[in-house]
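Undergrad: Take a look at the letters that make up each chain.
Number of protein chains: 2
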Amino acid sequence: MGTRIVIIGANAAGAKAAAKARRIDPGAEITVVDRGEFISYGACGIPYYVSDTVQEVAELMSTPVGVMRDAAFFRKVKGVEVLTGMEAVAIGRKEKTVSLREDSTGAIRTLSYDRLVLATGSSPVTLPLKGKELSGIFTVKTIEDAELLKEKASSSTRACIVGGGLIGLETAEALLERGLTVTLVEMRNQLLPGVLDPEMARIVEKHLAEKGVAIHVGCTVEGFDGNGRVENVATTAGNVPAKLVVLAPGVKPNVTLAREAGLEIGATGAIAVNERMQTSDPAIYACGDCCETTHLVTGQKVHIPLGSTANKQGRVAGINVAGGDAAFAGVIGTAIVKVCDMNAGKTGLTETEARSAGFMVETVLAPAPDRAHFFPGAKPIALKLVAEKESGRILGLQAVGLGAVDKRIDAAVAAITFGATAAQLAQLDLAYAPPYAAAMDNLIVAADILRNKLEGHARGIAPAEVKRKLDEGDDFILLDVRSPGEHSEVRIAGAKLVPLGALREKMEMLPKDKEIVTFCKISLRGYEAQKIMEAAGFGDVKFMDGGILTWPYDLERG
Amino acid sequence: MGTRIVIIGANAAGAKAAAKARRIDPGAEITVVDRGEFISYGACGIPYYVSDTVQEVAELMSTPVGVMRDAAFFRKVKGVEVLTGMEAVAIGRKEKTVSLREDSTGAIRTLSYDRLVLATGSSPVTLPLKGKELSGIFTVKTIEDAELLKEKASSSTRACIVGGGLIGLETAEALLERGLTVTLVEMRNQLLPGVLDPEMARIVEKHLAEKGVAIHVGCTVEGFDGNGRVENVATTAGNVPAKLVVLAPGVKPNVTLAREAGLEIGATGAIAVNERMQTSDPAIYACGDCCETTHLVTGQKVHIPLGSTANKQGRVAGINVAGGDAAFAGVIGTAIVKVCDMNAGKTGLTETEARSAGFMVETVLAPAPDRAHFFPGAKPIALKLVAEKESGRILGLQAVGLGAVDKRIDAAVAAITFGATAAQLAQLDLAYAPPYAAAMDNLIVAADILRNKLEGHARGIAPAEVKRKLDEGDDFILLDVRSPGEHSEVRIAGAKLVPLGALREKMEMLPKDKEIVTFCKISLRGYEAQKIMEAAGFGDVKFMDGGILTWPYDLERG
Chain A
0 MGTRIVIIGA NAAGAKAAAK ARRIDPGAEI TVVDRGEFIS YGACGIPYYV SDTVQEVAEL
60 MSTPVGVMRD AAFFRKVKGV EVLTGMEAVA IGRKEKTVSL REDSTGAIRT LSYDRLVLAT
120 GSSPVTLPLK GKELSGIFTV KTIEDAELLK EKASSSTRAC IVGGGLIGLE TAEALLERGL
180 TVTLVEMRNQ LLPGVLDPEM ARIVEKHLAE KGVAIHVGCT VEGFDGNGRV ENVATTAGNV
240 PAKLVVLAPG VKPNVTLARE AGLEIGATGA IAVNERMQTS DPAIYACGDC CETTHLVTGQ
300 KVHIPLGSTA NKQGRVAGIN VAGGDAAFAG VIGTAIVKVC DMNAGKTGLT ETEARSAGFM
360 VETVLAPAPD RAHFFPGAKP IALKLVAEKE SGRILGLQAV GLGAVDKRID AAVAAITFGA
420 TAAQLAQLDL AYAPPYAAAM DNLIVAADIL RNKLEGHARG IAPAEVKRKL DEGDDFILLD
480 VRSPGEHSEV RIAGAKLVPL GALREKMEML PKDKEIVTFC KISLRGYEAQ KIMEAAGFGD
540 VKFMDGGILT WPYDLERG
Chain F
0 MGTRIVIIGA NAAGAKAAAK ARRIDPGAEI TVVDRGEFIS YGACGIPYYV SDTVQEVAEL
60 MSTPVGVMRD AAFFRKVKGV EVLTGMEAVA IGRKEKTVSL REDSTGAIRT LSYDRLVLAT
120 GSSPVTLPLK GKELSGIFTV KTIEDAELLK EKASSSTRAC IVGGGLIGLE TAEALLERGL
180 TVTLVEMRNQ LLPGVLDPEM ARIVEKHLAE KGVAIHVGCT VEGFDGNGRV ENVATTAGNV
240 PAKLVVLAPG VKPNVTLARE AGLEIGATGA IAVNERMQTS DPAIYACGDC CETTHLVTGQ
300 KVHIPLGSTA NKQGRVAGIN VAGGDAAFAG VIGTAIVKVC DMNAGKTGLT ETEARSAGFM
360 VETVLAPAPD RAHFFPGAKP IALKLVAEKE SGRILGLQAV GLGAVDKRID AAVAAITFGA
420 TAAQLAQLDL AYAPPYAAAM DNLIVAADIL RNKLEGHARG IAPAEVKRKL DEGDDFILLD
480 VRSPGEHSEV RIAGAKLVPL GALREKMEML PKDKEIVTFC KISLRGYEAQ KIMEAAGFGD
540 VKFMDGGILT WPYDLERG
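Which chain is which? The protein sequence lines are A and F, in order. Residues in the first sequence are numbered consecutively from 0, following numbering that gives the first Met the number 0. Residues in the second sequence are numbered consecutively from 0, following numbering that gives the first Met the number 0.
There's no promise every hint is true.
Because identical chains share one entry, a pair is satisfied inside a single copy or across any pair of copies.
Claimed, not checked - No more than 20 Å apart at the CA atoms, straight line, and that leaves these computed lysine to any residue pairs for SDA-like:
{"hint": "1", "residue 1": "K541", "residue 2": "P25"}
{"hint": "2", "residue 1": "K495", "residue 2": "L477"}
{"hint": "3", "residue 1": "K151", "residue 2": "S134"}
{"hint": "4", "residue 1": "K75", "residue 2": "L496"}
{"hint": "5", "residue 1": "K140", "residue 2": "M60"}
Quick caveat, the hints were computed from the structure, so don't treat them as lab data.
Bound-form chain A, shown alone (with noise of 0.2 Å):
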């Protein structure tokens, strides 16, 4: 008889590790079990479902060439059994058992195992809220979570969404293209916390409220109200109006099976596993979004459930259980999301991240077209990247605008985890011709900034801290060096024009001791102009990081 593998959850992480499993032990009897009746779907396709993006719910279901992933799939072609509808609700780990519970009759019964694999994956996190049982309040987890959303969608036109992270920005866009009226409410202060800093975040929030999405950031939900059904969201920021509401407040792992059985939970609240997925059971493993993992820049345990991740940690339990030797070797934090034809997305640390990790960080921001700019298509993004000061390695990248922000993440991922600098990421051979990149790309341009800043060579501000300077009435001169055309259009309050063209000739008309802050759109002017000035024998000049359009606050326009 071969060896016995019971696996625990039949989605991306299960589902890979059955089928791992089978290609290293052909004669493995290797059973999956899961509590759902549909399995092996793409989970994170959940909200293009709901906004009919995607129209069929066996499309998130099938194999790319259109083949059903279910049990009988599994069966013939995998040679895996799998049973649905099946809740493992005890593990027996002296004896070596799972005892399963039939959804539909409750008969319990027991599977042996050898080895086991617990990929359990996670659950909207409870919020301990008023009126929180009201009909009406949905969580988009599940399919069967996603049929019963879509058909109170149809019959609503006031939607309020709880919660600015990945799941509830991409709902918003679902029932925003399912032409509701969408609030969102999220309890910090800026939406994406995690992934963006504050003032990346904004750019996503501008683009979001221009969208017609009402925003709500410091914001709190305290209660639902309803007859039965919910009408009313109260928050600290006052009432919300909504028929239909979608908790959005993140995940957390789904841990009690393995906690009842006396497995070890990290500090995550995730279950621990070593390199090898294995807990400290040494027949048990686990994957997916159940447990935690390291993460490879500040070398703590992290827990990000993604399906990318599930898949990898899959294929390592499954070698494992089958006998053979992998190891996982840990995230870095990468993130994305699409909302509203904008792409947002990191990877590695953010500067908040970074700082609270105790690094010295080193930072610039970095707008520009994602491509060669006179391309037609063209489109803006902004990068920020954070570096480490003393060594000059990268810590982390984030990315946002409607374009190609994917690459320049991508890019950044496999840099990052090989412990690239500033001078090294500068140098990278990125693919280039015009309907793809700059001759210099995005990446590469902030990746010199950010060496001309570790360097010393050039000086930056934050646009928080400039406009901390202009409300608090500091003694400084802003001074805008871009065109006359460009300032006429869009322009910070309380700037001086100089535009950069002229500045060799105009600029003995500036005090030299006193603090200069240079900006252009994109900051490129505006540290030239900081070079221009410092030759000149100006005492204090810095430019403002990211220039104009990262300018997270208000603008003068027309």
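Please arrange chain F on chain A, whose structure you already have, making use of the hints.
TA: Relative to the frame of chain A, chain F by itself:
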């Protein structure tokens, strides 16, 4: 008096060197000399100017914010003197002077330098062909070339392009867009030699042929006929009537000035420089298309002229001539081209290049959609990864298809630069959400198959080898494991159909001792089939790399 820095050549490398030198040394006297009238333009944009994709030549010569980069701009903004219409004709190394000939008058003047930068660029290779002086025969290198070519194109109907490299293909697309009938002639027996391996190049060739381009590979041009104006291109494949001919046989570095000054010319034919971009004369630097650089995978010197590299080298030369200290590490041979909605590119070494550099290699062909297969707009791309067999180190990636190949290349650029192995590539935390990638990105899938091959789990066979077996009547079974529906649409003649889902039942009917080659659409089911049959005791099963999607030969349809 400041350091006198003279720069010869005012395009990418020269202009960058000048700007950077100014920022490092505010007191330097910087003069840039160029023989043309147009300076600092986006030369890589010229094919798009030919196609009218870029409408105004000014767009190629402007900064991203629309400021014209002309001599006045350099003077006012950069504090750099630019002399146009001046050809540098001799360097007096002993006395540190450059002799300039004014184009309009023929007058000679002399400039003294403390440090000199050669940014003399490259020129199209001259083909020693009969009739090449006929009118209607063009190269595409300068804006002046493009203006003449556009004028001619508007009165022509048939064009012949000589050369199937990057510029040849971009020009083919440009002339197609202008409504011309295009024939393309390439001496070697594939398009994009040096960029793609033959089976990858075939994907591009098929696509261009579908768009109506007549392609002759392995075809040499013997001469041009016509009475003052070209009317016919005589080739080894017969006559190609054309009143417009574009020569795109590649470029050679402009080294006459350097050679006559006694500077060392490398084996590549380009100016030899060290990491600081310094030539054999310590007072003279070179950067951009005129000089050679180091290939970071092979360690060999190469001449790969690209605007992206020119900018990076210009920065380094600029820093060093201004008294700073910077180094340029090298390139890894990245290239990319858009041709009629198809994207094709590579980084690192092709299989051909890797083998001729002496590497023992393992490769994988992995076609798949460029994002979650259920996400609307997903487009196919094919990746080919090349790794060193012993170490698993990734040597190169090729990517071809209608979808996002550039981001896979850029991620691979960083990975290859830092010496990533297949195992490391497979665990990169690449950005995942359905609009951007599948949960397992194309790169991850390719790297996983490569690992399976390197570890001996997966046994692949190249399409070319399968074709040879079929043609020579080898005794083997070619097993199509796709569905009957897929098989009825398109198939390889001589293959036997046993759908994967039926394989476990039906494989008993196949001989266990015969060589069996499995395949599907993309090779994943083919690999699955190999594992199933091996487990059942079949002795010699391989899967065909890339499946039917990258089969470069004829297919039966309908």
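Undergrad: Decide, hint by hint, whether the structure agrees.
TA: These are the hints, each one checked on the structure:
no., hint, verdict
1, K541 / P25, "between (65 Å within a copy, 17 Å between copies)"
2, K495 / L477, "within (6 Å within a copy, 75 Å between copies)"
3, K151 / S134, "within (10 Å within a copy, 71 Å between copies)"
4, K75 / L496, "between (72 Å within a copy, 17 Å between copies)"
5, K140 / M60, "within (15 Å within a copy, 51 Å between copies)"
The structure meets every hint from the earlier list without exception.
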